[in-house]
Every structure is written in structure tokens, then in C-alpha cells.
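Taken in sequence, the protein lines are chains A and B. First residue of the first sequence? That's 1 in the numbering used here, and the numbers climb one at a time after it. First residue of the second sequence? That's 1001 in the numbering used here, and the numbers climb one at a time after it.
What the hints contain is simulated information worked out from the structure, not anything from laboratory work. Idealized CB from N, CA, C, for every residue including glycine. Among the clues, some could well be false.
Using 30 Å as the maximum straight-line C-alpha spacing, the simulated BS3-like pairs for lysine-lysine come out as follows [as the list claims (entries may be wrong)]:
| hint | chain 1 | residue 1 | chain 2 | residue 2 |
| --- | --- | --- | --- | --- |
| 1 | B | K1050 | A | K89 |
| 2 | B | K1050 | B | K1008 |
| 3 | A | K104 | A | K89 |
| 4 | B | K1050 | A | K104 |
Below, a sample of chain B positions facing chain A; criterion: calculated Cβ distance under 10 Å [said to hold, decoys possible]:
| hint | residue |
| --- | --- |
| 5 | L1015 |
| 6 | F1030 |
| 7 | A1048 |
| 8 | V1058 |
| 9 | Q1060 |
| 10 | R1077 |
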Amino acid sequence: MADKHHHHDDAHAPIEEPQGPPGEDELLEVALRELLVERGVLSAGAVDQQIDVIESRNPALGAQVVARAWTDPAFHQALLSNPLDTLEKAFQLPMSGPVPVDLKVLENTPAVHNVVVCTLCSCYPRMLLGPPPAWYRASAYRSRVVREPRAVLREFGLELPDSVEVRVSDSTADMRYLVLPRRPEGTDGWSLEALSGLVTRDCMIGTAVPRDPSIEAHGLTTCEDAGDEP
Amino acid sequence: MRTVTGRKVNDLGGLDGAAIDRHETPKTLFEQRVDALVMLLIHPEIGAFKVDALRRMVEQNSVEDYATLGYYQKWVRAVRDLLIEQEVLTSEEIRGKLVEVRARFAEGGSER
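Based on the provided sequences and hints, a complete structural model is requested.
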């Protein structure tokens, strides 16, 4: 099977899994799932239900959090000092997953831009953004962003002035990070909905900044995600 | 498993790397199911294993497998090994079930 799988160090190889007839690993998933149901470890349908739960968390939720933080000073303060409790109260959503995981909100300022990675695996603020994109899990991002973050950000279309310090935070199993991007100029009086529409997933990872509505897209200060997770 | 540099296979920070491939496609059903399976099994309600154990298994891949196997391929194999290690299932049971599942798929038309 190994010849069917793409090498991640090939810049042109798609990251996603190969498609086609069921491979050994697909058969293995079916076998394990069926055995676990037969043994009473899992209830029938538990996996499908869990897929729905996972899909219910997506970057739109994170974008709402950011928009609220931009417009509500008390929430902003509480979010930075006590993220998980604040989010549970404000959004009525459980923020602790299957295992306790802490969350830290990293606020971008005119002087500091934050970027998040997990160099060891793929730890990610799933409770707010859903599962991570393929590039976040892949070796190129994980290896390079801690050493040459500006070059990596440039590949995402984000060119930061030298005066801005770039801080890369390496996530762990126990600590996840959400980047709180800067609110673009010219958005005074915007609704929460309109503001959250500026906040893409990549803005909250730090590989993009929100689109500045006063500037026509010219590729430097704006950045669009390559694609969205479903 | 350590490489000559003393790093484990998953310890990539600071190494050389290729251009970032930002290509994304929706998750396949296989990927979604493996993801869901792991989330269920690490949940304290079931507690088949802890997420750290999953990572330990993934980190035990050879350099070659770590680089070439898909993310969720590594996960599903780690789940298999952990379920055996934690005596939730036996390798014989899994082998037997795989024969059954493979036969069903070969006949075609079977629900995955």
C-alpha cells in the first residue's frame, strides 16, 4: 500500500487521503467499529452521532467569539483572563472536550502578531474551530513555521512589516491557542454578524489577518483561506 | 523510535520543509469515522485509552511510515494496537473480523 500514499515532502502531492476502493485501513476501521459495537463498548450509531458533534464545531463559532471580543470590552477582558469559563457562559456550549484541555487566547496588537502550530502532532482549538485543516497537520507547516514564520506567512499571502514581532506558539495536548486578530479599521458600528464575516479560520490560527474593508484586495494585507473545511 | 539526530519521528519543529500545500478537500467518510472513533474511545465514559497513548503509538511509526501514511491511517492503526494492548479486543478477533469484512466488500454492495 505504501506506494499509493503521497509523500508529504513532495510540494505538489495533495495531502488528502487516496480515494478509491476500500484500502486495508478503511477495512480496519469497519472491523474495529463493528467489533466494538458487538462487544458493547460502543453503541450502534455512536460513531455517526459523534461525527455530527464534531461537525458542529467549525470556524464560524470562533469568528463569533472574535466579533464579540471586538465589540464587548467586558467579554474581551474575561476571554483573555478566563477563556473556557467565559466561552461556556457566553455561548452555552461545553468547552471541555473528552479530556480537559486548557485554552489561551493570544491577542494580536500593532506590535505583535501571533501564529499557532503543533510541531509534534496536530493539537488545535477544536472546541472553537473544529478539526484542523490538512496543512496544519502536515509536516511542511509544522517544521518550518517555528524557524521561518515570516516566510511561511508570506506563502499564505501575509506580509508583515519588520516592525511587527512574530510570536509562534507551539500547542500541546493540554494547551490550545486561539489567535484574537486585530479589528480592521473602518468597521465602526458594524454588526456582530458583519464583523464575524471578516474572521476566517486562518485569522484565528494566525496565518491570515481579517480583510480590511477599506482596502481593495491587493494580496498583501488581505488573505483568503485556500479552502474551508466542510 | 529515534532517528540519528535523536529526534522522534513526529518531532518536526525547526526542520527543513517543503512549500506549504494548502490544498484541502472535504474529509472522507473514513477520515470522519476514524476521528469520531478516537474521540469516543478517549472519552472518560469509555476510556479505552488516553489521547497520550494514541500519540505514543503514532510516534512509534517508522520514519518511512510516518512520512507516507495518511494522518488517519496512522490513527486507525494506533487505535487497533491500543485496543489490543489495553485488552479491549484481541488480535485474533480483529483478524477474524477483517476476513468477514473483506469478504463482504468483495461481494460488493455492502454498507461500509
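Hint check results:
| no. | hint | result |
| --- | --- | --- |
| 1 | B:K1050 with A:K89 | holds, 28 Å |
| 2 | B:K1050 with B:K1008 | holds, 20 Å |
| 3 | A:K104 with A:K89 | holds, 16 Å |
| 4 | B:K1050 with A:K104 | holds, 22 Å |
| 5 | L1015 | holds, 4 Å |
| 6 | F1030 | holds, 5 Å |
| 7 | A1048 | holds, 7 Å |
| 8 | V1058 | holds, 7 Å |
| 9 | Q1060 | violated, 13 Å |
| 10 | R1077 | holds, 7 Å |
In summary, the one numbered hint that this structure violates is 9.
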